[in-house]
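J.: These are the residues of each chain, in order.
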Amino acid sequence: MGFWEGLWRMALAPLVVLMVVLTTVPLWIWLERRVCARIQQRIGPNRVGVMGLLQPMADAAKLIFKEDITPAHVDRVVYLLAPIIALVPSMAALAVIPFGDLQAADVNIGVLWILALSSLAVYGVVLAGWASNNKWSMMGGIRSAAQMVSYELGMSLAIIAVLLTTSVYAASHGGHALSLRTAVNSQQGVGPLAWNFIWHLPAFVVFIIAAVAESNRAPFDLPEAEQELVAGFHTEYSSFRFAMFYMGEYVHMTTLSAVCTCLFFGGWLSPFAGIPLLARLNVSTVPVLMYLAPLFWFFLKVTLFIFLYIWLRWTLPRMRWDQLMALGWVVLLPAALVWVAVVTVLAGAGKVVDGFVFSGDGWFRLLSLLAVAAAYLIYRRRRGSS
Amino acid sequence: MEPNESIAWVALGVAGALALIIASALPFISSLLGPRRPSDVKLQSYECGITPEQEAMGPVSVRFGVTAMLFLLFDIEVVFLYPWAAAFGRMGLFAVFEALVFLAILAVGYLWVWKRGAFEWDK
Amino acid sequence: MSETPTEQVQSPSAAVAQLDASLRAACPDDVLELSSLGDSPAWTIVPAAIARVGARLRQAGYDHLELVSTVDRGEQIEIVYLLDSMLHRTDPRRLALRCVVPREAASLPTLCGVWRAADWFEREAFDLMGVTFTGHPDPRRILLPDQWQGHPLRKDYEYDSDTMVQEILDAELNNDDLAGTDGHAEHDGMVTEDLAVNMGPQHPSTHGVLRLRLRLDGEYVRECDPDIGFLHRAFEKLGELKTFTNGIPLTDRWDYLNAMGNNMVHCQAVEAAMSLEVPERVHWTRMLVLELNRVASHLVFIGTYGLDLGAGTPFLFTFRDRERILDMFELLCGARLTYNYLRIGGVAADLPRNFIADRVRPFLAYLPDRLAEIDQLLTGNQIFLERTKGVGIWPAELCVSYGLTGPLLRASGVARDVRRVYPYARYDQCEFDIPVGENGDCYDRYIVRVAEIRQSLRLLDQICAWFEANEETTRGQISAKVPRVIKPPAGEVYTCVETPRGELGLHLVCDGGENPYRYKIRRPSFVNLGLFGEVARDQKVADLIAILGTTDIVMGEVDG
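First to last, the protein sequences are chains A, B and C. Read left to right, the first sequence gives residues 1 to 386 (this note's numbering). Read left to right, the second sequence gives residues 387 to 509 (this note's numbering). Read left to right, the third sequence gives residues 510 to 1069 (this note's numbering).
Don't take every hint at face value.
20 Å max Cα-Cα, derived EDC-like pairs, lysine to aspartate or glutamate [claimed, not checked]:
id, chain 1, residue 1, chain 2, residue 2
1, C, Lys898, A, Glu67
2, C, Lys898, B, Glu506
3, B, Lys501, A, Asp322
4, C, Lys751, C, Asp1047
To give a feel for the contact side, a few chain A residues facing chain B, derived at Cβ under 10 Å [what the hints assert, rightly or not]:
id, residue
5, Leu54
6, Thr344
7, Lys351
Just a few of them, taken from the derived set where beta-carbon distance is under 10 Å, the chain C residues facing chain A [to be verified]:
id, residue
8, Phe739
9, Leu747
10, Glu749
11, Leu818
12, Gly819
13, Thr822
14, Arg829
15, Arg896
16, Asp1020
What the hints contain is simulated information worked out from the structure, not anything from laboratory work. Glycine residues also receive a C-beta, built at the ideal position from the N, C-alpha and C atoms.
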């Protein structure tokens, strides 16, 4: 391996990935304000820069120049560290996400790195609430932490389900089972039909809901809801420390959207891939575009998920705390568990009858669709009769 | 490890370090650039316009502790599931049965906790 | 006293005579003379016996304590109680009790044991007039700070501004332990401590400057003490200082979301005191603006309630629709919020030409679809339903006992609306339903108001039809003949109107001069908030916001 390639892979790629993400965060903030405005039949920022695109920059500049107030009775060290602890894990988690060919670190632990860092991010939140020496902040911080932690379980289990089929794929096609790159590769096929959200529908639904709850977004934003606890765990933070929490939330959303894209929506794969007529739209022959097209598809999908986040926030009211916790523990966790069991059986069965009429993979997909359809019909039956 | 792989780990470390540097630099810059005019009122904790009386680092509902413990238990089970899931492709039917047994034990535990009411946040 | 099974329609005086006889029979030494207050009979009662007589009347079916008013009569202070009946049929429907106490020893028994509504009424009477009520469970000042000296509504009130105000500023608002608690609780043998917390006065959800002193046990509220008075602007005192006409702009500022209704109660009271008849067109114009104001106020409620529950979007939608109404008002009287539109004997200006056809009719056509949209966003939303159904159930008896009126009461199943019971303007000539809830939970309080918007639209339709039929014949008749200087004859009167918050009443005592002698406002938000301390107990904190939102209080009216 040459010097430049080594340098790129060791130092520059991580830098580029971080920069890319840090520039998309203002984009999401802009998107949030414009989409929110449109939903509310307003216009949103349109003065600062073309279509208001520089608005987040203006806001960031304002926040940097504000007075940095540290309340008198806070636990100084913890108070100063908390925003950092909240922001760093989300940013570092992006290192293992494959944006097409661009990836900071293609390690063999992939998804596990992200989950470990998600758990660390909880520290930032609860420490912020604790250190602020403010009842409201403390309550908000603890509730936020409890919420994040409860939904992380559902999320992990949903990932495990996808992991199972990925590892089956990895066994025959090579690659690390835990790596997101392998997960995307396992979704190659006939356009969107090969993507996991169809075949792992319950896991997808659980993951999406858990992702929204993980990032403390509405309808799960009780801990930071203005109306309830003023501003929740970051009440006492001003100036850029507040901006760090704010940024951290968007980076976290980006990370989770990226993971969701990789696991369920085919990552950088074009939706036209593999479809006979539309395959002509693939630009895989033109060199520059060959590098950019996967990036484009990846970011398009991530943008759609961010749009979903924003849509949910401005349409739905907030769930109450106990309802929120009940949803996480009593609905999502068992659903994910059951689905893991189902996938185990079906994927195992698929491996056994591999080659018999369908490939093992094909059997899994067929049976999983049948399982979901059956579950849905049973649910409707019970709903109808009660 | 192959050189490819070890480079990836270095890159991971670099990514973490970069994140740390950026995250630490920003508030530092901000504290340099912003004005500094401390006053008594600004340094007070916020309690909706009233001077707070009670120490904030006080009582916390015990249910949060219960939730933390439950999370710990289930997370450890999930952690056990990860290597199994990663190796699933290379194992035979044994993996399936073993996992079902594991999940069944987990399910029994889960149901017991449910029946005991640990998931309820009402009184 | 109950009605005989073969009750026929008695003439009013016969019913009064019957009640008089039965009262004197039951409490022979306590009932003094029989007079009247406006249209209602008024008995003067021996002060020490007021609780006994009150209990007697409560048994007889007078379950609603409408108002406790105090009048400084020089050597003596007169306390006036207005009783009404909600859940029972009594004849006469409304009556008054008077007690006269000496100025220096102004004290009489409390009525808290009979009507819970007396709680806050009596605290206010103590605060502003210095009447003490023996046996009151919580005899603190309510509107003014605890360190205040003197009782402002007394005619001889003077205060030493510098020292007293300095004292008040020096005494910080402290978070002292809520009375009667020790702050501990037991869970399964484990003793845990409660958390004393302030919500407000600066808080996004308390709808203005309201301070709730809470004691929390984890997620649950163990005690809630509302602390009001931050927006007290001395309207009752100012009412005595202004002439009858000059007082109208002040009324706008009580419940600023329903300024027309405030104007209305003031003008109606003065007109009743003067026995003034207003022209037909004035009645319909007043109804027009009152109903438009009701729609605007309920739209604000829907928007802010969604906001309280975390739904940010309906707020924008309802405020945009409210803008249409505000534009109409701006055309009418030049203002968007504080209209000063009604006058004694009429209105300030006539409707602009084609106002009905160009403005009101299109609005009536436009709003139903928007309400359907709100239904989709909020009413049908699963999360919204889970946060409001079954939350904060208030039984009808509790509401009536606390003197609740308006949509809060109707949500608990009591179909009472002043426009039906004591009709004013031309409401008795219009057709409209009174929406009533089933369970008295937050959802019902919300859906009753949405239904009231629809009923208001129905009323507006009929009002527009009247205008379309009578435009040419009545145009320009915007006022009765009123003297230049308005001096109602000496006497007193009580009138009320139905506002989006409940029954807004004005107890006006005139002495033949240019200013009112006593100007007592029965403020529905004040009375409605009196219930909150009790119903907040044992609720979750998140539910607290949901319940407080449904009370739809306006602090300008609570604090007066």
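J.: It remains to establish, for every hint, whether it holds in the given structure.
T.: Results of checking the hints against the structure:
1. Taking the CA atoms of C/Lys898 and A/Glu67, the gap is near 45 Å; set against the 20 Å cutoff, the hint is violated.
2. With a CA separation close to 19 Å, the supplied pair C/Lys898 and B/Glu506 stays within the 20 Å bound.
3. The hinted pair formed by B/Lys501 and A/Asp322 meets the criterion: a straight-line CA distance of about 17 Å does not exceed 20 Å.
4. This hinted pair does not check out: C/Lys751 and C/Asp1047 have alpha carbons roughly 45 Å apart, beyond 20 Å.
5. Proximity of A/Leu54 to chain B is violated relative to the hint, the smallest CB-CB distance being about 19 Å (cut-off 10 Å).
6. Hint status for A/Thr344 relative to chain B: holds, with the closest Cβ pair at about 5 Å, below 10 Å.
7. At its closest, the beta carbon of A/Lys351 sits 8 Å from a beta carbon of chain B; the interface hint therefore holds under the 10 Å criterion.
8. With 10 Å as the threshold, the beta carbon of C/Phe739 stays out of range of chain A, its nearest partner Cβ sitting at about 18 Å, so the hint is violated.
9. At about 34 Å, the closest approach between the beta carbon of C/Leu747 and any beta carbon in chain A exceeds 10 Å, and the interface hint on this residue is violated.
10. Proximity of C/Glu749 to chain A is violated relative to the hint, the smallest CB-CB distance being about 39 Å (cut-off 10 Å).
11. With 10 Å as the threshold, the beta carbon of C/Leu818 comes within range of chain A, its nearest partner Cβ sitting at about 4 Å, so the hint holds.
12. For C/Gly819, the interface hint holds, since its Cβ comes within 10 Å of a Cβ in chain A; the closest pair sits about 3 Å apart.
13. Evaluation of the C/Thr822 hint against chain A yields a held restraint, the C-beta minimum of about 5 Å falling below 10 Å.
14. Among the interface hints, the one on C/Arg829 holds; its C-beta lies about 7 Å from the nearest C-beta in chain A, closer than the 10 Å criterion.
15. For C/Arg896, the interface hint holds, the least distance from its beta-carbon to any beta-carbon of chain A being 6 Å, beneath 10 Å.
16. With 10 Å as the threshold, the beta carbon of C/Asp1020 stays out of range of chain A, its nearest partner Cβ sitting at about 48 Å, so the hint is violated.
Taken one by one, the earlier hints fail for this structure at numbers 1, 4, 5, 8, 9, 10 and 16, listed in ascending order.
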